[in-house]
Structures are given as structure tokens and as C-alpha cells.
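Colleague: Read top to bottom, the protein sequences are chains X and R. Numbering follows this note's numbering, with no gaps: position 163 of the first sequence is 163. Numbering follows this note's numbering, with no gaps: position 213 of the second sequence is 478.
Quick caveat, the hints were computed from the structure, so don't treat them as lab data. Beta carbons: idealized from backbone N, C-alpha and C, even for Gly. You may find that some hints are simply not true.
What the hints assert, rightly or not - Some, not all, of what chain R presents toward chain X, calculated at C-beta under 7 Å:
| # | residue |
| --- | --- |
| 1 | L299 |
| 2 | L301 |
| 3 | V303 |
| 4 | L305 |
| 5 | G307 |
| 6 | T315 |
| 7 | L318 |
| 8 | S322 |
| 9 | I441 |
| 10 | L445 |
| 11 | S450 |
| 12 | Y462 |
| 13 | G464 |
Stated by the list, open to error - Some residues of chain X that are not near chain R, with every Cβ distance over 10 Å (derived):
| # | residue |
| --- | --- |
| 14 | L18 |
| 15 | G31 |
| 16 | E35 |
| 17 | V53 |
| 18 | A57 |
| 19 | V70 |
| 20 | F74 |
| 21 | T82 |
| 22 | I103 |
| 23 | K114 |
| 24 | A117 |
| 25 | T171 |
| 26 | S176 |
| 27 | V182 |
| 28 | V183 |
| 29 | L197 |
Unchecked claim - For the chain R half of the interface with chain X, some residues (derived, Cβ under 10 Å), not all of them:
| # | residue |
| --- | --- |
| 30 | D369 |
| 31 | I444 |
| 32 | I461 |
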Amino acid sequence: MHLLPVYRIRLNLAVATLVQYRAALIIWIQGLVVEPIIYMAVWTQVAGDSGSVGGYAASDFAAYYLVWMVVRHFTVATNPNTIERRVRRGEFSPMLLLPVHPIHMDIADSIAYKIVALPALLVALVVLALVFPPEFALQSWSIPVFLLSLSLAFPIRFLFGWVLGLIAFWTTWARSFYGVFVVAEVFLTGRLAPLSLLPGWGLALASILPFRWMMSFPVEVLLGKLSLEQVVLGLGVQVIVLAVLLTLLLAIWPAAVERYTAAGA
Amino acid sequence: MRYLRLIGLSFKMSILNELQYRANFVVQIFQTALELLVALGGLSIVYSHTSDLNGWSASELVVVVGVYFLIGGVINMLIQPSMIRLMEDVHQGTLDFTLLKPVDAQFMVSVREVRLWKLVNMIVGCVLIGVGLARLNASVDAGQALVFLTVLALGLLIVYSFWMMLTTCAFWFTRIENILVIFESMYEAGRYPVRIYPGWLQFTLTFLVPIAFAVTVPAEALLGRLTAETLLGAAGLAALMLITARLFWQRGLRHYSGASA
């Protein structure tokens, strides 16, 4: 329970820092909107020719990207690059002196961003919904299950980034590797297209690597593209992935800290 | 003549500076390869579900992506680095040193920095254009090539003026690094022909953030889709924007207070 005040103070601090730059709100809105608009426009064109693509009509794509934006917002996490920078520049030193695990600051920071940038997300959603009218086919269980899978997706994405970031403690080439990670994210989180539109091996890859479970899966749930069995199975996989990542973090972190001291000496 | 020599000297300095860090060349190749993967992978997924995108075939879009890489390379090599330096100079007051030189200051701030390794993106762009044209069996005659180069140059002038105007805002607002992010994310939209976007976005990408003239129009010139009106429009807009950028710069300079003020 000693963590609670740590979180409260860190959250206040992060919110105060972010609120300083109010003009950034406009840039956030713009950054949120442009990419989904590109993909929506492209897929609307593709769907327009034949009515629908792989089960998605134009209005389904609109719904897909709206939900995808919500999921992206609530799963925003620390980038592996940030961890690499901390290792390279020695920025971990002061963080390691504190009596709490540095991951808690990062969790608090990314929660703060979600709160402060929420107005930007809402504006972006309204704008997009006006330009590309969406259509939802909700099941009775869609929304609660969506919220459940979303609340699993955030820690998965967060821990995945953090565990990958730990590679930087061992090699200076980590930064190039993270470039590959960013590319994989474009294809495998359902950003470029819904995963079901990728070739079969793409979906398989996204399911084996945790990419599908940290972003695409909640979107699929809310869009009603999955049967009840697939949803239950998916939630189970999310729990397993989360447990594996947590175990990895707990196992690797002490060794990483050991390496870090060695590097500084 | 004197100005040409200055450009030569300035570029030589920057290039010598860049040559010190040769490992960056390898990093750049790797980075460009990843960008290429995203661009072509995206195209192949889209075209696995359709054979034409609003009248554009896959091979034609390879040409568009080629121009996107080529122009993006030029912007990142020549335009953006000098503009970033200018923003920093205004912010820190170090623009004094440039203003004291006995040459036109706008000229000086525009040619100060070169990122040599972005050449990789330009080469990749040219290769893609070649591949796309070959797959179309399109023959480009001398006249068409000349039109292409003209529109390309006009597009670059438009982008330069646009950047110059944005950067000049630093004289009033001091800290505007975030503007970079806006341009970069908007430039992404240039990967596809602007005609596929909804009307208001087409307008934005043509006149507010002039990416249409930088990427789509030159690609149209190569593919024989360019109309005389568009060509004239590009020339007109380039002239208009160059003049506006100049006026902006002169106004902005009056607001500059220097390092010691």
C-alpha cells in the first residue's frame, strides 16, 4: 500500500507538466487524426468498389478506426526507445536510487497522459465520426467485455515495451532493433488494416507475438467480429500473455540492474 | 555567382562534417529499408484486395511512393535541417552571427545545413520510380522528363516557402519545434495520391500544407496525367508562396530581439 501516495504525487506532477504545454493539445489532436484518416480514406476507396472488403463495408472501417483510436489512447505506454535512452545517457541512475521500482513512475506518467490528452481524443473522435460515419453492431456483452479486454491490453502493451526496453542493458544496437519493433507494430496491431485483411500468416504472427493482444483484440471484440468462444479464448490468451510478460520482467530486471552498475563503473 | 559559390562552400562544410560519422550511413540504410518495408508492405496489403485505387494501379502507386521518397529525401537533406537550425538560432539569439554577414540573411539561413545520408532516400525514390515505370511499360520522352523535373522543382520551392513561413513564426512565438511534428505527420499522407482523400482534406493537402504539389503532381507528370492547368497552378502557387515567405521573413526579422536584448 506504500505505493499509493507515490502514485498520487507522481500523477499530480505528470499532469502539471503536461498541462504546461496547452498548445500541444492541438498537435495531439492532429497527430491522432491524420493517420487513421489516411487508412480510412484508402480502405473506404477499396470497399467502395466492391461494397465491402473481407466483411468490412465503408462504415465498418469508420467504426474500426474510431475504436482503434480509443484503444490506442488507453494503451499508450513507455516506448522501448525511452528505456534505451535512459540506459545510454545514464538517466536510470537517479531513478534507481529511489525506494520504488522505476516502472511505477512510467505507469503513473502514462496514466497522466491518458487523462490530460483525453479532450484531444474526444475532439478527434467527433471530427472523424462526422467525416466517416461509423456503424456499430453491438452485442449485449460487447461493451463490458471490451472494457475488460482493454484493461488487459494496456498492461500487456506496457510490459511488452518495458521488457523489450531491457535489451538495451545488454547491447548498444538495441535502437536499430526498436526500429523493427515500430514497423512490426504498424502491421501487426491492426493499424494499417484490420488483422483479418492481412495474409493468413500475418494474423498468425500477430497472435503469436503479443501484438494482437495489446491492441487489435479489444477492437475486434467491440466490432462484433468474433464469436463468443473466440472472445473467451482471446481473454484467456491475454491473461496468459500478461502473466508471461510479468514473469519475464521480474526475472530479467535484477540482472539488468546488475549490468547497469557494471556499465557505469 | 557569389551566391552559388557560397552555396558550394556551405554544402562542402556540412558534408565534411557528416563524413566524420560514417556509421550513420549504415544506420540510415537500415532506417530507409524499414520505411520502404512499411510503404511497400502497405501497398501490397491494399492491392491484395483491389486492383485499382480510385483509378490508380499498383504500379502507378509505386511511382507515387518513389516520388514520396525522393522529395522526402530532399526535404530532409536540404530544407528541414537548415530550418531547424534557424528555429534554434531565433530561440537562443545566435541568429546575430548570420545577420551580421554581408549577404542576404534569408539566403544564408536557407543553405546552412545538409544531411548527406538522406541521399539514401533519394536513391531509393529514383529506383522505385524506375521500377514503377518499367512495370507500366511506360516510356517517358524528353519532353515529359523535362515537365517532371520542372514540377519537381516547383514542388520543392513550394515546400521550401511553406517551411520558411512556418519557421519564421519563431520570431513571434519563440518555441515552435512542435510544428515539425505537424509537417511530418501530414507528409505521411503523400504516400497516396491526394485525390483519394475527402474534399476538405484534399484542399488542406493542396493549399494549407502543400503536399499535393510536392508528391502527387510530379508523379502525375511522369504518368502522363498532368493537365496544363495544374502545371500553371503549380507555377503560380510557387511564385506566390516565395513572395509571401519573403515578406514573412522581413516582418519577422523586425521582431527579432537578439541575444543580449
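Colleague: Are the hints correct? Go through all of them and say.
Modeller: Quick rundown of the hints versus the structure:
1. L299: Nearest chain X Cβ about 5 Å off; hint holds.
2. L301: violated, 10 Å
3. V303: Hint on R:V303: holds, closest Cβ of chain X at ~5 Å, below 7 Å.
4. L305: The hint is violated - R:L305 has no Cβ within 7 Å of chain X, the shortest such distance being about 11 Å.
5. G307: holds, 5 Å
6. T315: Holds. Min distance 5 Å.
7. L318: holds, 5 Å
8. S322: violated, 13 Å
9. I441: Violated. Min distance 9 Å.
10. L445: With a minimum Cβ separation of about 10 Å from chain X (threshold 7 Å), the hint on R:L445 is violated.
11. S450: With Cβ-Cβ at 5 Å, under 7 Å, it holds.
12. Y462: The hint holds - R:Y462 has a Cβ within 7 Å of chain X, the shortest such distance being about 5 Å.
13. G464: violated, 10 Å
14. L18: holds, 13 Å
15. G31: violated, 6 Å
16. E35: violated, 7 Å
17. V53: Violated, since 5 Å does not exceed 10 Å.
18. A57: Holds: least Cβ distance 13 Å, greater than 10 Å.
19. V70: The claim stands: X:V70 keeps its Cβ more than 10 Å from every Cβ of chain R (closest is about 19 Å).
20. F74: X:F74 clear of chain R: closest Cβ-Cβ about 21 Å, beyond 10 Å.
21. T82: holds, 17 Å
22. I103: holds, 27 Å
23. K114: For X:K114, whose nearest Cβ neighbour in chain R is about 19 Å away, the distance exceeds 10 Å, so it holds.
24. A117: holds, 14 Å
25. T171: holds, 15 Å
26. S176: Given that some Cβ of chain R is not farther than 10 Å from that of X:S176, nearest at about 6 Å, it is violated.
27. V182: violated, 8 Å
28. V183: The claim breaks: X:V183 does not keep its Cβ more than 10 Å from every Cβ of chain R (closest is about 5 Å).
29. L197: Nearest chain R Cβ is 6 Å from X:L197, so the label is violated.
30. D369: violated, 32 Å
31. I444: holds, 8 Å
32. I461: Holds - the Cβ of R:I461 comes within 10 Å of chain X, reaching about 5 Å at its closest.
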